[in-house]
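Asker: Following the hints, position chains B and C against chain A.
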Amino acid sequence: MESTTVPILLFVVCALCLAVGTVMAGRFFGPRRSTPVKGMPYESGMDPVHDTRRRFDVRFHLVAIAFLVFDVEVLFLYPWAVASKQAAQGDPARGIDLAVQSQLVSSREMVFFGAAAFFVLLLVGYVYDWRKGVFRWR
Amino acid sequence: MLELFAIPLVKIVVLIGALMTVTAYLVLLERKMAAWVQDRRGPDRVGVPLTKIRLFGLGQPLADGLKFLFKEEFTPRHVEPLLYTLAPVVTLASALAIYAVIPMGDTLPLKIGASGANLSMVVAPGCDVGLLYIFALSSIAVYGVILGGWASNDKYSFLGGLRTSAQMVAYELPLGLGILGVVLVSGSLDLGKIIHQQADSGLWFAFTQPLGLVVFVVAAFAEAARLPFDLPECEQELVGGYHTEYSGMRLITFLIAEFMHMVTVSFLIVILFFGGWHFWGLTGSGPVESWGQGILRIGVLMAKVFGVILFFMMVRWSWPRFRFDQLMSLAWKVMLPQGLLNLALMAVLCEPFIAERIGSRHWGVFLLISWAVALLAWLVTALVQPSGPENSPQRVEPSI
Amino acid sequence: MSWHALEFYFLALMACAFALAVVFAANVVRMAFYLILSLGATAGLFFLAGADFVGAMQLMMYVGGTLVLLVFGVMLTAQGPWVSIRTSGGEWVLAALVGGSLLAVLVPTAMRLDPAPNHEHAAVPGTAHKSENKAPDAKASTEPQTTRPTATRIGLGLIGAPTSGTSGYLLPFEAISIHLLVVLIGAAYLARPKRRARPKLVESDEA
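Chains as they are written, first to last, in my numbering: chain A, 1 to 138; chain B, 139 to 538; chain C, 539 to 745.
Treat the hints with care, as some may be off.
Below, a list of computed lysine-lysine pairs in the DSSO-like style, where the Cα atoms sit at most 30 Å apart [said to hold, decoys possible]:
id, chain 1, residue 1, chain 2, residue 2
1, B, 209, A, 38
2, B, 190, B, 170
3, B, 331, A, 85
4, B, 205, B, 170
5, B, 170, B, 209
6, B, 205, B, 190
7, A, 38, B, 205
8, B, 209, B, 190
9, B, 331, B, 249
None of these hints come from the bench; they were simulated from the model.
Just chain A, same shape as in the assembly (with noise of 0.2 Å):
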């Protein structure tokens, strides 16, 4: 465990010093020439009209919200998927296999058939969706 925790910390940690120090590196090198206009906002050379925090449409909420429902779907699928993999021959039984041999589920079949009961679930979620217009950009 430490042969993985350890590394990952150590890798974000460079990647982090590395990030800071490209962005601090340009502060020692290069001129410092303020003007007014540098300072506004770039508008095509146009004066800018209004302020930029404006409320924006709804749709972009939409979107997050769909995704975030189907990103924890698809999560709680990865320990299943992960799971029920069959072993090679020869190699000892996992994960759904081997809850199965020891009796801690009762078969395959129950297994299957409760993620597919989840998924399904899902994809009724999903065709109501369509049929409202959740994914239509108008």
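Answerer: Quick look at chains B and C alone, frame taken from chain A:
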């Protein structure tokens, strides 16, 4: 202590150094390819400094880097200073940290430390959730873009950031579904194990899961914001997208991170679908036995990744950009159902009690069924065009 | 002090510090950024406790999903130039009440945890997966168990492998899908067409 810190640290330094250099030269390659496609010469002047040796423009990346370094780095007055500075840091760090779990080959028979195991070509070998870790970091990258766009307080940046986040978020699903099929068949989230699975069977997942491959590659293009889907920064509409207000080193940080995303997804495509370091009759499949074999495996992996990167670059100069509504309906109405179909298909074909009945335990039957379903799905998509009609310009009779 | 404990204290401190920063910041987007760091540190704690899968899930769902939603929500309703929140006294009381009651639930749970999960439990699939879902305390995290991939264990738990005390989590698993279905229906409600008639898409040539 040596095994815990020194080895990973050496690996990290070598890897990050190599990545930065390679990224710089890949940018040059991309410019050269652009020139080749557009029938011009491309950058060919910069060679060895202070001499007249040109070296086909190989000095260009160095010159570009220096130019960025000596550019003025100003912070416009209307930005949110803290987040404005942090956004590029978040983006680059998350783009880099992904490489902690990406294998650069298999192993080398170099025995260091007490364990006596081969030197692994991954910084964090045996990470059980490598794929999820990659996913998690790529979702943090989305955040860097939102922050950058928002903190810039500029309309172009804001729109660019908004678009990017919606796009990346929407395409993360097809990406995950494409991977889920692979996970289901291989039973592991560890990239090294997934490669070994493909090497053992000799059947790359690209052959057994054509549907998943296409979904994954399209989603990868969108996640990396490469040309058919480079809406976040489409120059004609948004100037530069979320990094319009950035300059100097902060700008190049964004650019490097973006380019690195492309390299990352190229690695993922090769590792998940094209057998990683495996090639029939060349690399073998078991553990590494000799130096030659170890190096060959690294070479094969790199060659494949290079091929995928070339593909990315060719696509860039061959396809027009999607419109935003087309992009969204492609994600939700084409890629998502196809990804779900791929997942369901793999679940059914691998489930023993079903496989026994339809005979999909045999690889021939497996291939036949998965390709038949894939072709059918593509045909249906082409005929029905779920993303098509309601997005095409509608004809309204002119009322006089 | 071992490296493990050091890492634990570092991450725990980071999580707490940024959680406080969230509470005391006034700018909403900055708040969201501190929340990312806090949640990221929590994910690091999960990794440290050997619960790789839960850690990765934490990052993906909260940082990748929920926070994007949150920021979109904030920007959606934003009016002024800088989105800021000023909390009134009543809100402080209410927040302290809710947070305090959650703490009252969590602390006894953490104290009741087996301080050193032994490896015999981990040998049987599905027995040890739940203990890692709890808040990891320093003692538990010094003896992590990686005898088998955590994702497999969680998967077995979800699809009905009964654990020592319970009868598996198949029912909650299906309940989650119904819950998600409800959310999708809610999304459809948000996406319903607006009441007013939509303007024509293409203007006539004369216009």
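Asker: Indicate, hint by hint, whether the structure satisfies it.
Answerer: To see whether the hints hold, each was checked on the structure:
Of the pairs offered as hints, the one joining residue 209 of chain B and residue 38 of chain A holds, with about 14 Å between alpha carbons and a cut-off of 30 Å not exceeded. Between the alpha carbons of residue 190 of chain B and residue 170 of chain B the distance comes to roughly 20 Å, so the proposed pair stays at or under 30 Å and holds. For the hint linking residue 331 of chain B to residue 85 of chain A, the alpha-carbon distance of about 13 Å falls within 30 Å, and the restraint holds. For the proposed pair residue 205 of chain B and residue 170 of chain B, the alpha carbon gap of about 19 Å is at most 30 Å, so the pair holds.
Between residue 170 of chain B and residue 209 of chain B the alpha-carbon distance is near 24 Å, which keeps this suggested pair within the 30 Å criterion. Between residue 205 of chain B and residue 190 of chain B the CA atoms are separated by roughly 20 Å; this keeps the pair inside 30 Å, and the hint holds. Distance check on the hinted pair: residue 38 of chain A and residue 205 of chain B sit about 20 Å apart at the alpha-carbon level, within 30 Å; holds. Simply put, residue 209 of chain B and residue 190 of chain B have alpha-carbon atoms about 25 Å apart, close enough for the 30 Å limit, and the pair holds.
For a cut-off of 30 Å, the pair hint linking residue 331 of chain B to residue 249 of chain B stands: about 21 Å separates their Cα positions.
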